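Since the structure of chain A is already known, use the hints to place chain B on it.
The chain contents come next:
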Amino acid sequence: MSCVAVFIGQCGVSLGLEILKSEPPFLQCYDGSQHAVFIDTEIKVLRRINSSLISSNNVFSDLPGCGGCFAKGSSSAQTYLPQILDKIHSQIERTDCCMGILLVHSLCGGTGSGYGSSITQELKSTYPEMFVVNVGVLPFKTGENPIQAYNVVLALAGLQESSDMVILVENSAVSADLSSLKSNISISQINFKIVQDLQLIFRNAKQIPNRCALWEVLKVISSIPTIKLASLGSSYGLDVTANCNQAVRSIRCRTGFSKFHSVSGIVMSSDNKYCLLDKKIEEKFQKAFNFVEWNPFPVEFWCSKSKDRGVNYAVNNEQIASTLVEISDAAMLKCHAGAYLHWFEQYGVYKEDFEHAFNVVSKIQEDYVYYCR
Amino acid sequence: MTQSIVIQVGQCGNQIGSQFWAAALKEHGNHDSSGYFSESVSSFFRNIDSRFSKNLPASHPPSKIQRLKARAVLIDMEEGVLNNLIHSEVGELFTSAELIKDVSGAGNNWATGFHYYGELYKEHIIDSIRKECELCDCLQSFFVLHSMGGGTGSGLGTKTLSLIAEYFPEVFRFVIPVYPSADDDVITSPYNTTLAMKQISEFGNCIIPVENQALAAICKQTSTAKVDTIKHTVVDVREKAFNRMNSLVSKVILDITASARFDGSMNVDINEISMNLVPFPRANYLIPAIAPLYSPKIPQQRHLDAIFSDVFNSSNQLCRVDLRKGLYLSCALLVRGKVQVSDVRRNIDKLSENMNFIYWNAEGWKTGLCSVPPIKQQYSVLSLANTTAIRYTFEELRSRVSKLYTRKAHLHHYLNVDGMDIDQVQNAYEDLSDQIAFYDEMETAKPLEIARQKVF
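If you read the protein sequences in the order shown, they are chains A and B.
Just so we're aligned: the first sequence equals residues 1 to 373 in my numbering.
Just so we're aligned: the second sequence equals residues 1001 to 1456 in my numbering.
Calculated from the structure, these hints are not laboratory results.
Careful: at least some of the hints might be erroneous.
[Said to hold, decoys possible] Ranges of calculated distance between the beta carbons of each label pair, as one might list FRET restraints: (1) 1087(B) x 336(A): 57 to 63 Å; (2) 1350(B) x 336(A): 27 to 33 Å; (3) 1130(B) x 253(A): 56 to 62 Å; (4) 1135(B) x 90(A): 30 to 36 Å; (5) 1263(B) x 130(A): 31 to 37 Å; (6) 79(A) x 1130(B): 23 to 29 Å; (7) 1064(B) x 128(A): 49 to 55 Å; (8) 287(A) x 1350(B): 34 to 40 Å; (9) 253(A) x 1213(B): 51 to 57 Å; (10) 355(A) x 1349(B): 44 to 50 Å.
[As the list claims (entries may be wrong)] For the chain A half of the interface with chain B, some residues (derived, Cβ under 8 Å), not all of them: (11) 10; (12) 67; (13) 69; (14) 146; (15) 177; (16) 179; (17) 185; (18) 186; (19) 187; (20) 188; (21) 190; (22) 334.
Here the structure is a predicted model, which means the values were calculated and not measured.
Glycine included, each C-beta is placed from N, C-alpha and C at the ideal position.
The following block holds chain A by itself, in its conformation from the complex:
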């Protein structure tokens, strides 16, 4: 039961290096290496890859820069797609039974959004029986890139069509979580926290022995094909009760303190003894999730063995759709003013593509409202 991971762009590659350090079981290959492909336009970030961790066969860097623009990334991806797919295919062949592909990339840059979206669409059509899951990183609300709203919306339109589950990670939320603990936060600390939040899809839990964690999460979270956006979080470093309370608080924030409903969720507690959570704590989580009435089995509680003690959760909640609508509105303002459109038109993305993307985000919001109210 293996998967292949593809890390795209500076954000994706940095997260990928962190992820591989924790050695997820479904990425392990029989010869000790891991099933991963790194794709970036800049060789600098890739140089950081420890050669013992990954061989050069897995690195694809012969690419021109994407200028922080989805259109340039997407058009450049079309040229290099065959070679990239080749690399991914060679990794798939090294697995014994490939169930699916995990892509990790940002949604606000050029390489991450453009290549990420194109590769996802191509993978889904090439391997229809495998699942494709994306981890998309949303930028800080104010300014990593003036055209981040465009990039996010256009990338998401592509992912909504082809991906089986999109795990959205918000830089601002992660940073806010960390800032309660310390004031000086670096990108590597943010990356570390993101990977900690993502452990739910990497660790083997007792309730799902010998099965691929990513697939199990996909089954629970992405039960309805049109609403498949997941949010993941975690709390580590305190004792069991404190971790749980912190996680509950975090979930309540995500549900807008019971203003928004969740469709489904998973909670995984990790420690060195496989302890199941107390019934009372399970009830607290259920209440915090604020599940919809029509789902008879909305939640699963897992436990896993790890040397770090903590709690992870995953939730499919409608609040994420509101975040996307905000981003889409910002993009719409720009589009109607005609800003930056000349760059996009130069690389084949026209106003109709923007309108289509806005409609997709609108539809996601409508579907969430339909299923959650």
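Frame of chain A; chain B shown alone:
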């Protein structure tokens, strides 16, 4: 790793260039003194084995530096500056193939530079640039340095810009024009500037204007040296001042390319600067400002947050505009040194409160974090502000040129040059007005009422 070629035209361009190459060598030497030809060094330099005149590419692991040559093309219609450059300490960086020179100069006349010398040296210029391009693995950008007020810089410099736009359209063109001060000693500098502006607005992807008077003011502010005029001649004093001013401009180029050359947690590639900061083809002027500013003789440690607010002070700008009078269309903060993303976030949030962004780009910030600071500094910030406030600079220029143009004063010097006619002057004047009108439109733009379906 991508490469950039520097094209320096005219006296001003070449003098800035000489400061730039010295600074670039110092920066790379400071960062990695092991003497290996890494990919970061190859962004501005070539490594050649002079025994066989062979170009040694940047490999991984890197090979030792044999002899460095600059990726540059030097153009001047007067011999003096180029000869000084060749005989200076950075002279070894240039090969004769990269030099294009003549004897008589352009007489502070844009038409002579653009039409006369432009036609004469067109083939030679394209050839030299093409040879330089072929020696790059992955050429990403040109940096064109020239003055606006003179003849060679403004005329031949803009002719060169139009040529590279025609022959190398895929490569980004950064123009760093030096605008003359209001009390410039060249009477026809308003004509030269206006005629050159039409060309750079059309053919430059990103224009980073600097103004002599702003540079002089910064140097005055940061200088503590009391110049003993008995010991030093007036020429020496002026030369030292120009050197310091030129080194400020070279700092801007180094800061823009720092993220492309060195590692960092949030890389900003050179093409991103153009694609993310220029929302409309006409809105391609980016005002540079740097912080901290201090003289090496009296190093002060400015607190990091103070540096972020300093960079929006008019006294730190290399082209003075009153930022409070305009709207920001976008703004980049390129940070170098040991700065965390939380510091940047905190300062952006603080600064945004007092800054007016245009309604459709309220989050129009571009941030870059490069971990290598400039030499002798812990950290530094370069801001590139795309603001409508630059229209006031253009309005001043327009009023200066109208004083001459309404009386057709000095025009005969221009019209006497083959290939020049009055229409070009008229077009350039109208283009300047159009540019001002464009910024006016941006300032008065209001959001349309967009009907959106609210689903409840």
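Each hint tested on the structure:
1. A hinted range of 57 to 63 Å for the beta carbons of residue 1087(B) and residue 336(A) is consistent with their spacing of about 58 Å.
2. Taking 27 to 33 Å as the suggested C-beta distance range, the pair residue 1350(B) and residue 336(A) conforms, at roughly 30 Å.
3. About 59 Å separates the C-beta atoms of residue 1130(B) and residue 253(A), a value consistent with the hinted range of 56 to 62 Å.
4. One distance hint, 30 to 36 Å for the beta-carbon pair residue 1135(B) and residue 90(A), holds here, with the actual separation near 34 Å.
5. Our hint of 31 to 37 Å for residue 1263(B) and residue 130(A) holds, since their Cβ atoms are close to 35 Å apart.
6. Between residue 79(A) and residue 1130(B) the C-beta distance comes to about 24 Å, which sits within the given range of 23 to 29 Å.
7. One distance hint, 49 to 55 Å for the beta-carbon pair residue 1064(B) and residue 128(A), holds here, with the actual separation near 53 Å.
8. One distance hint, 34 to 40 Å for the beta-carbon pair residue 287(A) and residue 1350(B), holds here, with the actual separation near 38 Å.
9. Judged by the Cβ atoms, the range 51 to 57 Å given for residue 253(A) and residue 1213(B) holds: they are separated by roughly 53 Å.
10. As the Cβ distance of residue 355(A) to residue 1349(B) is approximately 32 Å, the hint placing it in 44 to 50 Å is violated.
11. Interface hint at residue 10(A): satisfied, since its Cβ lies 6 Å from the closest Cβ of chain B, which is below the 8 Å cut-off.
12. At its closest, the beta carbon of residue 67(A) sits 4 Å from a beta carbon of chain B; the interface hint therefore holds under the 8 Å criterion.
13. Because the smallest distance between the Cβ of residue 69(A) and any Cβ of chain B comes to about 5 Å, under 8 Å, the interface hint for this residue holds.
14. Contact between residue 146(A) and chain B, as hinted, is supported at the beta carbon level, the nearest pair being about 4 Å apart and thus within 8 Å.
15. Checking residue 177(A) against chain B: minimum C-beta separation of about 12 Å lies over 8 Å; hint violated.
16. The interface hint given for residue 179(A) is met, as the beta carbon of that residue sits about 7 Å from the closest beta carbon of chain B, less than 8 Å.
17. For residue 185(A), the suggested interface contact is upheld, since its CB lies about 4 Å from the closest CB of chain B, less than 8 Å.
18. The criterion of a C-beta within 8 Å of any C-beta in chain B is met by residue 186(A), whose closest approach is roughly 5 Å, and the hint holds.
19. Taking 8 Å as the C-beta contact cut-off toward chain B, the hint placing residue 187(A) at the interface holds, the least distance being around 4 Å.
20. Look at residue 188(A): its Cβ gets to within about 7 Å of chain B, closer than 8 Å, so that hint holds up.
21. Among the interface hints, the one on residue 190(A) holds; its C-beta lies about 7 Å from the nearest C-beta in chain B, closer than the 8 Å criterion.
22. The restraint placing residue 334(A) at the interface with chain B holds, with a minimum CB-CB distance near 5 Å, inside the 8 Å limit.
The structure shown violates the earlier hints numbered 10, 15.
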